[in-house]
Every structure is written in structure tokens, then in C-alpha cells.
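Chemist: Just so you know, the sequences run in chain order A and B.
Take the first sequence: its letters are residues 1 to 257, numbered as in this note's numbering.
Take the second sequence: its letters are residues 1 to 331, numbered as in this note's numbering.
A couple of the hints might just be wrong.
Some, not all, of what chain B presents toward chain A, calculated at C-beta under 7 Å [said to hold, decoys possible]:
id, residue
1, Ala-226
2, Gly-274
3, Gly-317
Hints in this document: simulated from the structure, not taken from any laboratory.
Fair warning: this is a prediction, and the values are worked out from it, not measured in the lab.
Quick reminder that beta carbons are idealized off the backbone N, C-alpha and C, glycines included.
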Amino acid sequence: MSGLEVRGLGAGYRGRPVLDGVSAQVRPGGWLGVIGPNGAGKSTLLKAVAGLLAHRGEVLVDGTELRGLPRRERARLLAYAPQNPQLPLGLSVTDYVLLGRTPHLRPLGREGRADLEVVEGLLERLDLAGLAGRALPTLSGGERQRAVLGRALAQRAGVLLLDEPTTGLDVGHAQALLELVDELRAELGTTVVSTLHDLTAAGQYAEELVLLHDGGVAARGPAEEVLTQPVLSRHYDARVQVWPAPDGSRVVAPARG
Amino acid sequence: MLPVLGGVAALVLALLAAVLLGAAELGWQRVLAEIAAQLTGGHSPLSEREAAILWELRVPRAVLGALVGSALAVSGAAFQGVFRNPLADPYLLGSAGGAGLAVTAVLVLVPQAAGTTGLAQAAAFAGALGGVGLTWLLGRSAGGDAATLVLAGVAVGAFLTAGQTFLQQLRLEDLQQVYLWIMGRLSPTGWREVLLVLPLLVVSAVVLCACGRLLDVLGVGDEEAAALGVHPGRARAVVLVAASLATAAAVSVAGLIGFVGLVVPHLVRLAAGGGNRVVLPLSLLFGGAFLVLADVLARVVLAPAELPIGVVTAFTGAPFFAFLLHRRRRA
């Protein structure tokens, strides 16, 4: 069980600042949803936390500051699944998920029995066991996203950073994937930080939301505080309507006229 | 395991064919008897001259063919892996242009020294590494990612080849010698070439095969590889240095033999599938077997004249490649 804390984080690309002074906190085993309009810096935040971008400020896992930590050790604490993963040539689903064991191997080492067992268990859990030998390009969109999730989970890191995990999935597959993440979070005690375009889904799955706008935190809190018509209208520059749904969640939809 | 055994078998059979067949009629039974005699210390059935043809011409040539073919194929597989580019081959980063320019310079500017093969070989080796070095410097200054390096290789290769063409035009009478070198050939002067390149090729091949899994990790892209705890730039540098040394060594003794480094990794990938840790060692084995057999054809088809081996590799490799592509599309 690892908690995550971000203090005064600033990051950008080639002198173009994107984020400044962002702070956020997730309890061990919690789920933080990162929302915000396009270009607000949601992916940048995840990359900076994963250590893939130079950044100012502090990132702490279980109270330990990550700056200066070797990459391999960082990769044992944080797993990252990007929005548009590149699929390597020629690998089977098993080979691909096994790549997640990299931070646990010696630099030019090979996987052992234990690594294979971790991966076999994950494939079973992700309903990919029947596809273990299949080549990645032959998978459907939903299967591919599960394989990417499997690779991140194979790192056995306490914190899972998911950048738009439901990209390209229909409502049913998106729901199945988010349910799966939620179940694994409960089973393994993994802390989840995810960006999500779908505000309704963000409110349903994340315990707490952070709304990024203009490089900073514009709103934070549980869904019923952040997913409100005035907050969303202002920061997304959109006409939206928000209703309470019978299941207690909030439905966000665009409004016309 | 099965594909590896297949590769070993292919290489052994190819070497055997290369030793048994040749312009001089030694007779295959007598060659086998000679090999058995050497192994058991028995009586040799060959005359002194025949034994010299076998042990000083055919055998070193077959071994050199295996080494060069292995080096080109494993380097090609490594380049394809590093650049995630199926069209990558060992000459991608300017080693061909650099070696071509350096050898042409020697043949044209120091014609009296051209007879001494050592100078041309040293020039080819240095030129190949120089070409890659230039590409590396240019690529680094422009960002250093894989795509930039490939573009830098195209620019450096074109520039060096233009320099080579310019030098050729200065002395057209040397054109044929340059041309022969560019087509590639395996005609070692005894065991000298084998001993020259063997240490470098063994080290490079071991390093490359050890990097198979690392190449698979690089296959997910630089950013994700970094998230898995790998330094993509460092990993790429190690693989490129090893592959470039192997390529330069092969080019120094065999000229520019095309197609082996491009096609063999693809054949292996199509036939056996799998990631780089399967493709690299199999490319090593089948690359050696392929080039040895190509050299047998080059020696036998127009005997006693010889075909340039590059013609054979392209002539046999291309249709087979087309067949495999076609089959994959239907599958």
C-alpha cells in the first residue's frame, strides 16, 4: 500500500511551461482522477510523476522523495501506461506483459520462474490467458488495453499511473476496463492516478478529482463538489448540464441552446 | 529450442557443402576421408597440393563466409530492432558510404598500394566506423532520437557516396576494381582474414545476443522504456556500437555484400516469429548459413569463373522474401 503526494510540481516541454505549482495527494489504495480541458497538462502531470519529464517540486511515494532515485527503483514504485502505447514488433501477449518485469531483473538478465508466474496470474485475472500466444497486432482494442494494463501491473508497483486508459473503447469495454482497475485496486491495494476524458466515468470511479486548468489546480474534491455546472462551464468553456443519477453518481452532458 | 537446432544444422550443412564443392575436383568422398583423417590422425588420401586447396582455400573461405554472413544478419536484426524499422539494414548509418569512400580513396590515390590488401581493408574498416561516427554526431546534435539518427544516416550516406563517385571520376581506369569491391566478394588470402575479424565478431555477436530483451523493451518506445527503468539512449548506444563494429569488420574483409542483413532477420521473424531475443541468435545462425550457400552458388554456377556474391544474395534472397511476404499476407 503506497500513498502518493505531489508538492508544488512544475513541468513543461523545451522551455514551454505547462504546469506550475501543482499539489495533490492520494491515500494508499485510493483513486485520484485527473480531469481538465485539452492542453491543461493532464498527461504532463502523469509523465512528470512517472519521472519521464524534468520537473520542479517534489513527488513522494510513501513519504519518500523520488528525486535522484535510479530509474529501475522508480519503476518498482510507479507503473505508467501511456495514452497511445507503442506495440513492439513480433511479441506475443505473454512476451509483452513480461516486459513489465524489467525493473525487477538484473540489467541484461532474463525472467525466471517467479516472473513467469506473476505474468500468468495476471493474464488469468485480465481474461487474456486464452490469448497468451497471440501477436499483439491481432488483438482488438479492448484486449490491447488490457494487455497494456497487464504490462503496467506486472511491475508490481504500488502506484499505477493510467493516461486515458479507455481511449478508443466503446462504453461497454470502457466500463469493463474501469471495473477491472477498481477490482485490482481493491485486491492488490494499488493506488491509482488516471486521467479521464469521460467526466461521468471519472466521477463514478475516482474517489477524488483534480481539475487542471491553465497549468494549475482549478478545483479539487469529491465528484459532487467538482462535477458541478458552474465549475465545469467555467473551466471547459462549455455549456454543460449535470444531473444526479439514480445510482448516486453524477451525469455530465453537453447542453444545447 | 527447435529453431536453434535447425539453425545449427543449416550452418553445418552449408559449411559442408562449401568444403565439398569447388572448381578443383577433389571428389567428395576423398574430402570426407581427409577430414576424418585429420580428426583421427589417420592417413590423408589427398596430395599435398589438394590438401592445400582444401585447408588453405576452401575451408577458410567457408569459415569467413559464415562469419561475415552472421555479422551482417545479426547487425541487421539489431538495427531493425533499435530503429523499429523493417527497412533498416547494417549499412543504414553511413557505414557503406564511409567504407566505399575510404576504399575508393585508397584505390584511386595510392594505386601502387592497392595490391596490398591490408591497406584497403584497414581503410574500409575505418571508413565504415567513420561514417557511423559522423551520423552519430549529426544525429546527436539534432536531438538524438531513433528517427533523427536514421535521417542523419541518409544524409551522411548520400554525402559520402557522392564523394566516392567524385573520386571514381578522377580515375576511370580504376572503376572496375572499385565496382568489384562494392559488389562484395569472399576471397580470403588463407586464414589471415578469418583471424583478423574473428575476435571482434565474437565479442559483438555476444553483446548483441545479450541485448535481445533490451531491444524488446526499446520496442515500446523511448518514453515507456524509461518508465520501465531503462535508459533508452544508453541501450541504443551499446547496440549501435556493437552492430557497427561487426558491420565494419565484415565490410573490411568482404566488401559491401547486400541483402543478407536486410532479408535474413525478416526470414527468421516470419518463419519463427518472436521478439528480438529469438530473432538475434537465429539471424546469427541462418545469416552464416545463407552467405556460405550463396558463395557456393557464386563459385559453382559459372565455374571456373566466379559470380559476384552480391548478385547471388540478391537473386536468391529477393524471390524467397517475396514468397514469404505473400504467404504472410494470405495467412
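Chemist: Next step is simple, just say for each hint if it's right about the structure.
Modeler: Here's how the hints hold up against the structure:
With a cut of 7 Å, the hint placing Ala-226(B) at the interface with chain A holds, because the nearest CB-to-CB distance is about 5 Å. Look at Gly-274(B): its Cβ gets to within about 6 Å of chain A, closer than 7 Å, so that hint holds up. Because the closest C-beta pair between Gly-317(B) and chain A is about 20 Å apart, greater than 7 Å, the hint is violated.
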